[in-house]
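Counting in the numbering used here, the sequence shown runs from 664 upward without gaps.
One thing to keep in mind: the hints can contain errors.
Claimed, not checked - Across the chosen pairs, the derived CB separations fall in these ranges:
no.	residue 1	residue 2	range
1	Ser686	Gly751	29 to 39 Å
2	Glu764	Gln702	14 to 24 Å
3	Ser729	Val796	16 to 26 Å
To be verified - Taking lysine-lysine pairs in the DSS-like style, the calculated list, with each CA pair at most 27 Å apart, reads:
no.	residue 1	residue 2
4	Lys799	Lys767
5	Lys792	Lys806
6	Lys806	Lys767
7	Lys792	Lys767
Source of the hints: derived by calculation from the structure; they are not laboratory data.
Think of the CB as a built atom: it goes at the ideal place given N, C-alpha and C, for glycine as much as any other residue.
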Amino acid sequence: MRIRPAFLFAATFWAAAALAQESAPTLQIVWPPQGATVQLGADPERAVGVVVQSNYRLLAAGQCGSDTRCGHIHMKIDPEGDTCNLPGRPYNSMNSDFGGELIKARFGPCPSPVGTHVIGILLADDHHKPILVDGKPVTGLVKVTTR
Numbered sequence: 664m665r666i667r668p669a670f671l672f673a674a675t676f677w678a679a680a681a682l683a684q685e686s687a688p689t690l691q692i693v694w695p696p697q698g699a700t701v702q703l704g705a706d707p708e709r710a711v712g713v714v715v716q717s718n719y720r721l722l723a724a725g726q727c728g729s730d731t732r733c734g735h736i737h738m739k740i741d742p743e744g745d746t747c748n749l750p751g752r753p754y755n756s757m758n759s760d761f762g763g764e765l766i767k768a769r770f771g772p773c774p775s776p777v778g779t780h781v782i783g784i785l786l787a788d789d790h791h792k793p794i795l796v797d798g799k800p801v802t803g804l805v806k807v808t809t810r
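The whole structure should be built from the sequences, with the hints applied where relevant.
Written out as C-alpha cells, the structure reads:
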C-alpha cells in the first residue's frame, strides 16, 4: 500500500488546524500599554478603563454553560500585595458581572492613587478558579503611572 503525498499534506494540514483551534489560553492587556501615563478618573473610585484581549470568551460568571474556553477576568492593582484591593475582597476588580473586554481599575482604594502602579489580570473559569497552563495561571501585567 502506497500513501500519496497529497493525502499526507492534507492530513498534516488538518492536524495543524486542529491544534491551532485548541491553542493554549492567552490573556493580555491591550490598553493602557506598558509604561503609559494615564489620567485617573474624577469619580470617587478614581477609575480607569482597562481593555484586555483573550482567546477565551469573556462572559459574566455563570454564563459559560458547557463552553470550556470561556471565563472572566480578576484584576489586582499592585498584585504583589493587597493594598489596592477593594475593602474585604481579594481583588480590585472583576468583569464577572458583565463579561467583555473592558474592566474598571479602581485606584481609589490605593494608599497613593497617583504614582507608579502595576495592573495585573488573571483569567478565571466560570467558577472563579484560575485557568492554568503548565500549572501556572494565565495572567497579564502592565506597569503604568497615574496622575
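Against the structure, the hints:
{"no.": "1", "hint": "Ser686 - Gly751: 29 to 39 Å", "in the structure": "holds, 37 Å"}
{"no.": "2", "hint": "Glu764 - Gln702: 14 to 24 Å", "in the structure": "holds, 21 Å"}
{"no.": "3", "hint": "Ser729 - Val796: 16 to 26 Å", "in the structure": "holds, 21 Å"}
{"no.": "4", "hint": "Lys799 - Lys767", "in the structure": "holds, 25 Å"}
{"no.": "5", "hint": "Lys792 - Lys806", "in the structure": "holds, 25 Å"}
{"no.": "6", "hint": "Lys806 - Lys767", "in the structure": "holds, 16 Å"}
{"no.": "7", "hint": "Lys792 - Lys767", "in the structure": "holds, 20 Å"}
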